[in-house]
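Be aware that the sequence shown starts at 1, since it is given in my numbering, and climbs by one per residue.
I should point out that these hints are in silico values taken from the structure, not numbers from a laboratory.
Take these hints with a grain of salt, some might be off.
[What the hints assert, rightly or not] With a straight-line Cα cutoff of 30 angstroms, these simulated DSSO-like cross-link-like pairs (lysine-lysine) come out:
hint: 1; residue 1: Lys212; residue 2: Lys148
hint: 2; residue 1: Lys177; residue 2: Lys53
hint: 3; residue 1: Lys264; residue 2: Lys27
hint: 4; residue 1: Lys148; residue 2: Lys61
hint: 5; residue 1: Lys207; residue 2: Lys31
hint: 6; residue 1: Lys61; residue 2: Lys177
hint: 7; residue 1: Lys148; residue 2: Lys53
hint: 8; residue 1: Lys31; residue 2: Lys266
hint: 9; residue 1: Lys27; residue 2: Lys148
hint: 10; residue 1: Lys212; residue 2: Lys61
hint: 11; residue 1: Lys177; residue 2: Lys31
hint: 12; residue 1: Lys207; residue 2: Lys148
hint: 13; residue 1: Lys27; residue 2: Lys111
hint: 14; residue 1: Lys177; residue 2: Lys114
hint: 15; residue 1: Lys264; residue 2: Lys31
hint: 16; residue 1: Lys207; residue 2: Lys27
hint: 17; residue 1: Lys53; residue 2: Lys114
hint: 18; residue 1: Lys27; residue 2: Lys61
hint: 19; residue 1: Lys264; residue 2: Lys212
hint: 20; residue 1: Lys27; residue 2: Lys266
hint: 21; residue 1: Lys27; residue 2: Lys179
hint: 22; residue 1: Lys212; residue 2: Lys179
hint: 23; residue 1: Lys111; residue 2: Lys179
hint: 24; residue 1: Lys212; residue 2: Lys31
hint: 25; residue 1: Lys53; residue 2: Lys179
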Amino acid sequence: MVNSIYIIIAVVAISLQHICKKAYNEKMLGKAAIIFSALSSLAAAVFFIFQVKLPVSVDIKILPYSVLFALGYGSAVLFSVLAIGCGSLSLTSLITSYSLIIPTLYGLVFKGDKISGFLIIGLLLLMISLFLVNFVKGDKGTAKINVKWIIFVSIAFLGNGLCSAVQNAQVEAFDGKYKSEFMSIALLLVFLVLMIVSFTSERNHLKSTVQKGILPIIICGAANGVANLVIMLLSARMEASVMYPLVSAGSIILTYLISCFWYKEKLSLMQNIGFVLGVASVVFLNL
Numbered sequence: 001m002v003n004s005i006y007i008i009i010a011v012v013a014i015s016l017q018h019i020c021k022k023a024y025n026e027k028m029l030g031k032a033a034i035i036f037s038a039l040s041s042l043a044a045a046v047f048f049i050f051q052v053k054l055p056v057s058v059d060i061k062i063l064p065y066s067v068l069f070a071l072g073y074g075s076a077v078l079f080s081v082l083a084i085g086c087g088s089l090s091l092t093s094l095i096t097s098y099s100l101i102i103p104t105l106y107g108l109v110f111k112g113d114k115i116s117g118f119l120i121i122g123l124l125l126l127m128i129s130l131f132l133v134n135f136v137k138g139d140k141g142t143a144k145i146n147v148k149w150i151i152f153v154s155i156a157f158l159g160n161g162l163c164s165a166v167q168n169a170q171v172e173a174f175d176g177k178y179k180s181e182f183m184s185i186a187l188l189l190v191f192l193v194l195m196i197v198s199f200t201s202e203r204n205h206l207k208s209t210v211q212k213g214i215l216p217i218i219i220c221g222a223a224n225g226v227a228n229l230v231i232m233l234l235s236a237r238m239e240a241s242v243m244y245p246l247v248s249a250g251s252i253i254l255t256y257l258i259s260c261f262w263y264k265e266k267l268s269l270m271q272n273i274g275f276v277l278g279v280a281s282v283v284f285l286n287l
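Throw the hints in and build the complete structure from the sequences for me.
Rendered as structure tokens:
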């Protein structure tokens, strides 16, 4: 029963992050994506800072991992906001979820992990899904695929994948120690860098962001922290092969339902088939 509650919380928290990005884009008319990314990273950082045990003891060797994670996280958040601003919410959620293939490939190349039948099936479904979600045959009102969206969602995909790979590497390198410290440093680094950039490119939007967009920013950051905490708790209670497919598929489906029924997004028949196959591929890649 407790595990089921944790699964539901994780699914809602992950989906909520995508929805907050959509809500922010609508409030700000697609502007000030850098400010959103910076402030939501700060909100997420606060969540991890409170988990750091006192007295603080940090190995300086975690810094390279924090820098790499910051690079991936900053890219993932910023470009997913931009992708949602110019494309489909549900398809952006699906494509960024494919990023779990990156830590899988990392394991195959650098750790000598074996290729499983589930991995092969997942990759085949993923490739078919990618083809179908990009298949638009002039259906009026369906989600259109444009070059800008493809570029943004691809960078978000790579950034998200880098986050997962670096997280796994950090856990292995330090035997599970310094996780909160590692995340706190990385997220604060994202905040500082993006805020500096925003002062040069989005300074005029700072006041309107605080007035109109602060709520989705705080909720997005808090949801990120909740999702990470709950997944950490679940990992000690459930098999990863059960937990990750449920959380990944559940969050994609919930985001899809909200995008269809709340935001009235419409996918073509081929895109819907591709979406279903994509969810299946995410499940197989997690097994």
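These are the hints, each one checked on the structure:
no.	hint	in the structure
1	Lys212 to Lys148	26 angstroms, holds
2	Lys177 to Lys53	11 angstroms, holds
3	Lys264 to Lys27	17 angstroms, holds
4	Lys148 to Lys61	38 angstroms, violated
5	Lys207 to Lys31	12 angstroms, holds
6	Lys61 to Lys177	12 angstroms, holds
7	Lys148 to Lys53	43 angstroms, violated
8	Lys31 to Lys266	24 angstroms, holds
9	Lys27 to Lys148	21 angstroms, holds
10	Lys212 to Lys61	40 angstroms, violated
11	Lys177 to Lys31	39 angstroms, violated
12	Lys207 to Lys148	27 angstroms, holds
13	Lys27 to Lys111	45 angstroms, violated
14	Lys177 to Lys114	27 angstroms, holds
15	Lys264 to Lys31	22 angstroms, holds
16	Lys207 to Lys27	13 angstroms, holds
17	Lys53 to Lys114	37 angstroms, violated
18	Lys27 to Lys61	41 angstroms, violated
19	Lys264 to Lys212	23 angstroms, holds
20	Lys27 to Lys266	21 angstroms, holds
21	Lys27 to Lys179	34 angstroms, violated
22	Lys212 to Lys179	33 angstroms, violated
23	Lys111 to Lys179	21 angstroms, holds
24	Lys212 to Lys31	12 angstroms, holds
25	Lys53 to Lys179	11 angstroms, holds
Checked against the numbered hints above, the structure breaks hints 4, 7, 10, 11, 13, 17, 18, 21 and 22 and satisfies the rest.
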